[in-house]
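Line order of the protein sequences matches chains A and B.
For the first sequence, numbering that gives the first Met the number 0 assigns the number 0 to the initial residue and increments by one for each residue that follows.
For the second sequence, numbering that gives the first Met the number 0 assigns the number 0 to the initial residue and increments by one for each residue that follows.
What the hints contain is simulated information worked out from the structure, not anything from laboratory work.
Given that identical chains are not distinguished, each listed pair holds provided it fits within a single copy or across any two copies.
Straight-line distance between alpha carbons at most 20 Å, and here's what the computed SDA-like set of lysine to any residue pairs gives: (1) Lys241 to Leu218; (2) Lys144 to Glu19; (3) Lys144 to Glu183; (4) Lys144 to Ile14; (5) Lys283 to Ala327; (6) Lys283 to Ser224; (7) Lys317 to Gln237; (8) Lys283 to Phe208; (9) Lys283 to Tyr203; (10) Lys283 to Asp194; (11) Lys225 to His206; (12) Lys283 to Asn205; (13) Lys225 to Asn205; (14) Lys144 to Ala17; (15) Lys225 to Phe208.
Protein chains: 2
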Amino acid sequence: MSELSPTSAEPIAEIAAAIENHSSFVLISHVRPDGDAIGSQIALGFALMAAGKSVRLINEDGLPDNLSFLPGSEKIETPPAEPIEVEVAIALDTATKPRLGENALAAASRAKLWINIDHHISNPSYGDINLIDSTAPATGQILYKLIQSLGLPLPAESRDSIYTAVSTDTGSFQYPSTQAETYEMAADLIRQGLDVGTINSLIYDNHPFRRVELMRALLNTLEISKDGIVAHWELLDQTRQKLQLQPEDSEGLIDIIRGIQGVLLAVFFEELPDGKIRISMRSKDPRLNVCNIATEFGGGGHALAAGIRMAGPIESAKSRLLSAIDRAAHTAGLR
Amino acid sequence: MSELSPTSAEPIAEIAAAIENHSSFVLISHVRPDGDAIGSQIALGFALMAAGKSVRLINEDGLPDNLSFLPGSEKIETPPAEPIEVEVAIALDTATKPRLGENALAAASRAKLWINIDHHISNPSYGDINLIDSTAPATGQILYKLIQSLGLPLPAESRDSIYTAVSTDTGSFQYPSTQAETYEMAADLIRQGLDVGTINSLIYDNHPFRRVELMRALLNTLEISKDGIVAHWELLDQTRQKLQLQPEDSEGLIDIIRGIQGVLLAVFFEELPDGKIRISMRSKDPRLNVCNIATEFGGGGHALAAGIRMAGPIESAKSRLLSAIDRAAHTAGLR
Numbered sequence: 000m001s002e003l004s005p006t007s008a009e010p011i012a013e014i015a016a017a018i019e020n021h022s023s024f025v026l027i028s029h030v031r032p033d034g035d036a037i038g039s040q041i042a043l044g045f046a047l048m049a050a051g052k053s054v055r056l057i058n059e060d061g062l063p064d065n066l067s068f069l070p071g072s073e074k075i076e077t078p079p080a081e082p083i084e085v086e087v088a089i090a091l092d093t094a095t096k097p098r099l100g101e102n103a104l105a106a107a108s109r110a111k112l113w114i115n116i117d118h119h120i121s122n123p124s125y126g127d128i129n130l131i132d133s134t135a136p137a138t139g140q141i142l143y144k145l146i147q148s149l150g151l152p153l154p155a156e157s158r159d160s161i162y163t164a165v166s167t168d169t170g171s172f173q174y175p176s177t178q179a180e181t182y183e184m185a186a187d188l189i190r191q192g193l194d195v196g197t198i199n200s201l202i203y204d205n206h207p208f209r210r211v212e213l214m215r216a217l218l219n220t221l222e223i224s225k226d227g228i229v230a231h232w233e234l235l236d237q238t239r240q241k242l243q244l245q246p247e248d249s250e251g252l253i254d255i256i257r258g259i260q261g262v263l264l265a266v267f268f269e270e271l272p273d274g275k276i277r278i279s280m281r282s283k284d285p286r287l288n289v290c291n292i293a294t295e296f297g298g299g300g301h302a303l304a305a306g307i308r309m310a311g312p313i314e315s316a317k318s319r320l321l322s323a324i325d326r327a328a329h330t331a332g333l334r
Numbered sequence: 000m001s002e003l004s005p006t007s008a009e010p011i012a013e014i015a016a017a018i019e020n021h022s023s024f025v026l027i028s029h030v031r032p033d034g035d036a037i038g039s040q041i042a043l044g045f046a047l048m049a050a051g052k053s054v055r056l057i058n059e060d061g062l063p064d065n066l067s068f069l070p071g072s073e074k075i076e077t078p079p080a081e082p083i084e085v086e087v088a089i090a091l092d093t094a095t096k097p098r099l100g101e102n103a104l105a106a107a108s109r110a111k112l113w114i115n116i117d118h119h120i121s122n123p124s125y126g127d128i129n130l131i132d133s134t135a136p137a138t139g140q141i142l143y144k145l146i147q148s149l150g151l152p153l154p155a156e157s158r159d160s161i162y163t164a165v166s167t168d169t170g171s172f173q174y175p176s177t178q179a180e181t182y183e184m185a186a187d188l189i190r191q192g193l194d195v196g197t198i199n200s201l202i203y204d205n206h207p208f209r210r211v212e213l214m215r216a217l218l219n220t221l222e223i224s225k226d227g228i229v230a231h232w233e234l235l236d237q238t239r240q241k242l243q244l245q246p247e248d249s250e251g252l253i254d255i256i257r258g259i260q261g262v263l264l265a266v267f268f269e270e271l272p273d274g275k276i277r278i279s280m281r282s283k284d285p286r287l288n289v290c291n292i293a294t295e296f297g298g299g300g301h302a303l304a305a306g307i308r309m310a311g312p313i314e315s316a317k318s319r320l321l322s323a324i325d326r327a328a329h330t331a332g333l334r
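Please put together the full structure from these sequences, using the hints given.
In structure tokens, the structure reads:
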């Protein structure tokens with residue numbers, strides 16, 4: 000393992016050498032992939048292909064429906080049963096190696112060199128070469144700069160995927176992580192031919208009807224505390240089955256209740272097929288540290304976004320969590 | 000009336016002279032103001048004040064709640080009863096003079112010079128000086144360039160208002176009207192101190208609870224045609240009264256159903272206090288020209304966004320409009 004500083008220019012030189020000296024690459028991103036994961040694979044993958052390299056794009060869970068509009072997404076494959084004969088494996092947007100998935104890791108097991116490119120601050124630099132920039136709002140933005148630094152081609156597939164990766168990971172250029180450079184990158188991609196109206200329409204205005212049905216089902220369970228600081232809603236497993244929901248269908252919906260005036264904490268209770276309850280919490284106020292609350296129940300995360308898996312049934316999970324939130328709100332002087 | 004070409008540099012020189020030669024200004028935007036209207040008033044208003052001018056910011060309907068977070072918004076006032084003693088009136092983001100509102104026009108009636116700055120293509124150049132750029136995605140972007148061209152100061156109020164004007168008029172940098180320059184402008188505003196995370200949280204994550212209640216009420220009336228190309232929902236006047244809705248509460252909600260896969264036409268039926276039915280239509284397909292459909296009922300608009308006011312009751316309005324849509328879909332070969 001190399002011990003490079005994340006801000007060092009060395010990993011870029013090492014990546015340049017790795018690309019120069021090898022001809023076959025497998026690019027992998029994390030399980031349950033989102034726009035930054037798949038977008039990063041296509042972005043770097045098509046740039047390498049345009050430079051004449053042999054490239055496979057592998058994801059443990061394959062391509063989610065909501066990203067199948069991306070040009071080049073047809074190259075994303077689930078892991079083959081046999082290990083691939085490949086020289087270099089590149090992990091993209093994946094904070095820990097196990098998050099690449101068991102089958103994807105097995106498929107890439109013959110690689111003799113691992114490159115790890117990511118923007119998660121918790122990434123322990125598990126590659127032989129590590130390019131980690133936790134100030135970047137998305138791995139897609141790191142790749143945009145990398146492709147420029149290396150002088151690689153930027154085919155249309157890469158251009159559109161970089162935009163999608165960064166747009167989805169910044170909530171359409173809204174999150175605090177968004178930088179002046181992020182907007183400048185988008186401007187440059189437009190000047191390079193990106194059709195900004197069309198791609199946004201494909202990213203944001205093209206959801207399956209079942210997502211709207213899910214929104215309605217969740218809103219019909221919405222409860223808000225008397226003092227207005229805690230809002231929560233829930234999804235029963237029977238609703239998931241009835242609407243034939245996919246994992247990506249609920250993505251971002253919690254923002255609807257997190258965005259209510261006065262709400263400091265939004266909670267999503269989800270009954271899983273095995274009867275366990277998955278809980279997602281989003282806080283708007285650092286005084287309500289949801290990571291601390293999650294830790295009480297064996298969960299984890301960050302101060303403003305954390306998760307728990309708890310035993311069911313849902314009513315008892317709700318009551319235990321809401322009591323813990325109440326204690327935390329009292330301790331913080333918010334109640 | 001001057002007959003300046005919209006792309007001519009002359010209006011900018013004339014505006015420069017008007018500012019140089021006068022000391023008092025009233026800035027007005029359209030009735031039922033949105034982010035680009037109010038944002039444009041604050042943006043130019045505070046730049047002029049920072050340059051030592053006397054400025055009033057007037058809106059027929061005053062400041063909507065959802066824009067009261069904007070620094071400087073406390074300067075927005077409803078029209079005073081008596082005409083203001085002012086030399087120059089500046090109309091912002093307002094396609095026709097009557098859209099400024101009767102009382103606002105009366106308040107500005109002593110102005111001897113009218114400046115008209117707008118991005119609506121239908122603007123008939125009703126000012127003495129007209130700066131119309133229909134390629135700009137928002138009037139806020141025209142003002143950003145104008146403030147630069149004139150060498151006016153850009154105080155924090157103007158900076159934040161320009162961002163808000165442009166972000167809200169482009170659906171957070173998503174609409175086809177968004178340009179490379181639009182993103183470059185946002186980058187520059189960040190470099191000038193804009194706190195991008197905070198302002199977006201105030202614009203997008205700070206809606207009143209009643210807006211979420213409205214979303215739920217609308218979703219519970221959602222209907223989608225068997226072939227999936229037409230989706231519609233409705234708001235009864237009693238629901239508006241029960242939830243104590245404000246006009247801005249429904250802004251943008253139609254995008255939820257417009258964004259459903261396969262839907263080509265989204266329709267919002269709204270029962271008004273006088274019993275009339277206000278209909279908003281959004282098309283995703285130029286073959287379904289909603290302006291043509293609206294015209295059949297005395298309404299109007301654009302090919303992809305149009306509106307109608309129809310006699311009630313709501314059930315008969317729905318049935319008449321859905322029949323017209325069915326005919327249009329057949330004519331277009333979509334049914």
